[in-house]
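Chemist: Residue numbers for the first sequence follow UniProt numbering, beginning at 1 and rising by one.
Hint data in this document are derived by calculation from the structure and do not stem from the laboratory. Any given hint could be a false lead.
Quick list of the computed label-pair ranges, beta carbon to beta carbon [stated by the list, open to error]:
no.	residue 1	residue 2	range
1	His295	Ile135	41 to 47 Å
2	Lys110	Pro285	34 to 40 Å
3	Leu248	His117	31 to 37 Å
4	Asp27	Thr147	29 to 35 Å
5	Gly321	Lys110	41 to 47 Å
All residues carry an ideal CB built from backbone N, CA and C; glycine is no exception.
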Amino acid sequence: MPELPEVEVVRRGLVSWVRGRTIESVDVLDPRSIRRHALGVEDFIGNLQGATVSDVVRRGKFLWLPLVDGSAHQQAAGNGQAPPSRVALMAHLGMSGQLLMQDAGVPDEKHLKVRLHLSPSAGMPGQLRFVDQRIFGGLFVTALVPTDDGGPGGLAESPLPLIAGEASHIARDPLDPAFSFDRFYQRLRARKTGLKRALLDQGLVSGIGNIYADEALWRARLHYARPTDKLRRADAFRLIDSARAVMLDALDAGGTSFDSLYVNVNGASGYFDRSLNAYGREGEPCKRCTAAGIHATIRREQFMNRSSYTCPVCQPRPRNGRW
DNA sequence: AATCCATCCTGTATGC
DNA sequence: TGCATACAGGATGGAT
């Protein structure tokens with residue numbers, strides 16, 4: 001499922017295909033995929049038509065394409081100054097969203113929701129398509145607002161000092177050079193909840209979903225129900241360090257895919273699922289315990305209405321755990 | 001005020 | 001074979 005590494009793979013894949021290209025027209029095939037655009041389909045299309053994509057930026061699992069007005073772009077070419085971007089096309093992949101570059105001749109995907117026709121560019125596909133089976137994801141146009149802390153962060157090369165309004169409540173992710181562990185730890189301790197719930201809270205630390213939460217907790221040898229308000233600094237540090245390491249590894253592998261639901265912009269799957277240590281391994285031996293000569297089996301439990309995978313030996317449940 | 005959780009969706013797998 | 005149920009889960013808004 002798309003978490004930080006998968007979204008970053010999409011961002012990197014997308015940027016060279018769409019930067020500098022103009023959106024010539026837009027087909028909204030299923031309005032449910034733009035339900036977060038409150039002003040409706042016509043307004044959505046009107047905002048995009050004629051605009052030029054200046055970049056692809058990410059914060060947590062939110063991805064957006066800052067837009068430059070077509071006429072402003074023309075003027076900028078004349079005086080050599082880049083016009084300020086004030087709106088962006090926002091995308092969230094949700095559970096099953098895909099952003100695909102496709103040639104015009106490629107038949108519609110079964111769950112094609114929105115199609116952007118881009119200005120022709122030599123050797124590049126003509127369309128950017130949003131495909132989404134479960135419709136948890138979506139597209140919408142949002143205002144860009146100033147940030148006073150150096151821009152949206154993420155891993156973009158040169159992000160504008162502006163952030164999409166709907167992403168301004170999202171914390172920085174552990175791979176962001178501006179991520180502050182001290183601030184994270186301070187806010188973590190102030191919460192009275194369980195550790196995994198906190199890890200999944202995008203306002204505290206972003207980019208982590210169910211898969212990488214379980215992987216980071218396993219790697220740090222911490223149980224998901226450990227109380228946040230008592231967690232030692234060293235444990236919290238190891239947890240963030242683990243999240244960072246596992247997500248960097250996943251990024252190198254092109255992301256995690258279990259099926260064709262998550263693919264990069266070319267339709268290819270990542271292969272990080274082969275490297276998972278906890279997630280999806282119910283009944284299989286814990287690799288770390290096995291290496292130490294101990295017999296232990298990964299356990300699956302229902303938690304927050306979804307599955308959590310832990311090793312009962314090296315991630316012992318706390319006595320006063322919090323859900 | 002902080003925390004929690006039902007809800008939005010559809011395709012696939014499994015059970016009876 | 002067919003029908004029913006469980007499951008996958010990110011973000012949000014309303015409830016507690």
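Chemist: Looking back at the hints listed earlier, which ones does the structure fail to meet?
Modeler: Failing hints: none at all.
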